[in-house]
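Add chain L to chain F, keeping to what the hints say.
Letter by letter, the chains look like this.
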Amino acid sequence: MDRIQIPATPRSPEVDFDFAAGRFRLSGESYPEDAAAFFGPLLHALRTHLAASSSDPIVFEVALVYFNSSSAKGLMNLFMPLEDAAGEGRGVTIRWVYAEGDETIAEAGEDFASDFSHARFDLVETSRAGN
Amino acid sequence: MTSDPAADKASPVIGSPARKRSLRGGGPLRGDDFLDLAGFTDASASAPGTMRPGALRGSARGRDLDSLAHTLFLRIYPVIAIVVLVTQVGIAWVNYTDSLRLYTERANLLVTLTAQAIARPGWSERPDVYTTQIQALTLDPAFRFVRAWNAEGGLVMSIGEMPSGRSIELIRASAAVTVAERAEPVGRLTLGLSTEALRSSAEKQALLAVGATLVLMLAFVLTLHANVRKHVLAPLKRLLLAMREVEHKRWSIVEFDGAVRASNEIDVISSAFNRMVEGLRAGDEAKQLLADLELAHAKLADANHQVMESIGYARRIQTSVLPDRMALAGAGLDVAVLWEPLHQVGGDYFWLERLGDVSIIVVADCTGHGVPGAFITLIVATALDRVLHERGLRSPAEILAALDEMVRAQLRQDGRGSDSDDGLDCGVCIWDPEARRLTFAGAGLSLTTVTDTGVSRIRGAKRGLGYPRHGSERFSTGNVTLDVTPGDTFYLMTDGVTDQMGIHGTQRQLLGHRGVADILLRTREEELGLQIGTLEAELAAYRGSEGRRDDMTLVAFRPTCRV
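Going down the list, the protein sequences come from chains F and L.
Each residue of the first sequence is one higher than the one before, counting from 1 in the numbering used here.
Each residue of the second sequence is one higher than the one before, counting from 1001 in the numbering used here.
Chain F extracted, bound-state conformation (with noise of 0.2 Å):
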């Protein structure tokens, strides 16, 4: 499958889904006009990906700054198929990443890491400096 790269708006996050490295990425900040259909296609290439390709590792990664919660539930429907997937015996690590201090997002990824019992949900502080 082609690897799908969004450009970040002012309101939509930068979107990076590389199937091929099973690297997955999304970015920036997240409260667009319509969730569902930003989300939608997202979540139809990436269950399509899991349902075609063979148990390659998947890694996540979610690095957003703000988001909705409209946004939230998209995020919730792309975490479901992937627990799934983990469920099946497939290697899926969640990376959530946060900026050290910002306790919203973290907070959002300790709610999100209670849904997951297969996949491996991990929280990442990233350092005020860095990144």
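Note that these hints are calculated values from the structure, not bench results.
Just so you know, these numbers come straight off a predicted model, no measurement behind them.
It is possible that part of the hints are untrue.
Pairwise CB distance ranges (calculated) [what the hints assert, rightly or not]: (1) F/R11 x L/G1533: 44 to 52 Å; (2) L/P1323 x F/S53: 36 to 44 Å; (3) F/M1 x L/A1272: 52 to 60 Å; (4) L/R1354 x F/M1: 36 to 44 Å; (5) F/T48 x L/A1301: 52 to 60 Å; (6) F/E110 x L/P1323: 28 to 36 Å.
Coverage of chain L stretches by chain F, computed from C-beta distances (three or more under 8 Å per stretch; other residues unrestricted) [unchecked claim]: (7) 1362 to 1368; (8) 1455 to 1468; (9) 1498 to 1506.
Where a beta carbon is used, it is the ideal one built from N, C-alpha and C, also for glycine.
Leaving out everything else, chain L in the frame of chain F:
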């Protein structure tokens, strides 16, 4: 404006074969008229009604252009003709005078030689001496007459006729017949030679000069006409046609093919003209675009005005659904409310009501903002009203569960198939003033409390209400009951309050619950209304140049001291 905008956009090349057809479809066939007439036509005669007065109209007439050839001819030809004529006549004159001189010398020579040949005393008495000699003179092709006189003046011999008066066609030469031993001449000899041949030769030369001049004129006229037409008139005609087109905002450029080769000057002018047309066309297109843009802008402004008017109306409806902010006055609570949708209307909703002995405080954050969010708030408002008044529920946890059920039923998210992926975060507090007890339950929304011991946050259930779920999964959460001491202050707020993007230290980061709690703690001594004002100002300061991300609602309440 022309009748066919597409024709305006095209850039017809004047002089190309396609140009034979009208550029304007059904419009007046002015272009055809022009070229069908071999030269140029009078524009005003071809279509007087459709032709604007213009500076080019007159000069586009063929007469004016053809007169260039006439002018050149009339100015140049006489000079050449006169020069040729004068030269020819001069040559003829020189020839003529030379020949005349030669003739005269010849006559003198002949007469002198003859006079010497016959000179002897008594020559006139001896015809054998002079007859042969004098007769020999008639052999000269120009001979006219000869007369010989003796010493006494008597005519000795005469051949030919001697004209009586002077004639320009005659050269006379006389010689005296002298002998050495006599001083007096012994006779006289006069010879007349005709110059007729000379004259006819001069006439021939003159005729030749005139003929040459005429031939020259013909050649000159033909050459001039052909060259002026090819190098000047035809290119100028194309240029003028193009100018007329341009006058009517049809952006024609000029190109010269093999048949028409412009002189350098006209070529330069045509190139300049083409550049000018390109410039005009670009300017015209820009003007047109600008006009289109202004029109589009006006339409947008109009549409925006209508939408804003409509949303303003919607805001009146939404605010009328919200409770009176003084609804809990007398229930032993100070209440302050911040309700600030991002776009006039929004998905945030709050409710304040006294229900018999207790009071209820509800804050809800529905998915979406703006008009879609506002729709959900109306569903929530209706559902809440039924939960409180038809079903008479007073337990926050039960109220949330009932709301969840009703909202999902309303949005058909309960398995009957729905497009809706909507829901809400909600926090419910029931205040019992008698027991001085506050009961809270939340779904995706927390209760923030500021007490003497600091700030704490009681988080509700993680999940919000509504949203499609699998099967008959129900929402359920528990109540949290708090004993209230005077001075404790409680805040129910939507995430729009805490999700303020701004610069924290060196990076862009949300203010978060911690940030908001810090502000509330710092300002805890303030009267509630003032505190909310301060909070709003601090949020704006934190945002700086960043815009708000979401609707904001915060309900603050502080149980008053028992009276």
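- Query: Does 52 to 60 Å hold as the CB distance between F/M1 and L/A1272, or does it fail?
  - Reply: The hint (52 to 60 Å, Cβ to Cβ) holds, given that F/M1 and L/A1272 are roughly 58 Å apart.
- F/M1 and L/R1354 - C-beta distance against the hinted 36 to 44 Å: Since L/R1354 and F/M1 have Cβ atoms about 59 Å apart, the given range 36 to 44 Å is violated.
- Query: Between L/P1323 and F/S53, is the Cβ distance one that fits in 36 to 44 Å?
  - Reply: For F/S53 against L/P1323, whose Cβ atoms are near 54 Å apart, the range 36 to 44 Å is violated.
- Message: The hint says 52 to 60 Å between F/T48 and L/A1301; measuring C-beta to C-beta, is that right?
- Response: violated (44 Å)
- Query: Falls inside 44 to 52 Å, the C-beta gap from F/R11 to L/G1533?
  - Reply: At roughly 29 Å between Cβ atoms, L/G1533 and F/R11 fall outside 44 to 52 Å, so the hint is violated.
- Task: With a C-beta cutoff of 8 Å, work out whether three or more residues of the segment 1498 to 1506 of chain L approach chain F closely enough for the coverage to hold.
- Result: holds (count 6)
- Coverage of the segment 1362 to 1368 of chain L by chain F (three or more Cβ within 8 Å): The restraint on the segment 1362 to 1368 of chain L holds, since 3 of its residues have a Cβ under 8 Å from chain F and three suffice.
- Message: Taking 8 Å as the Cβ threshold, is the statement that the segment 1455 to 1468 of chain L is covered by chain F upheld or broken by the three-residue rule?
- Response: holds (count 3)
- Message: Range first: 28 to 36 Å. Now tell me if the beta carbons of F/E110 and L/P1323 are that far apart.
- Response: Check passed, 35 Å falls within 28 to 36 Å.
Consistency note: the structure conflicts with the earlier hints numbered 1, 2, 4, 5.
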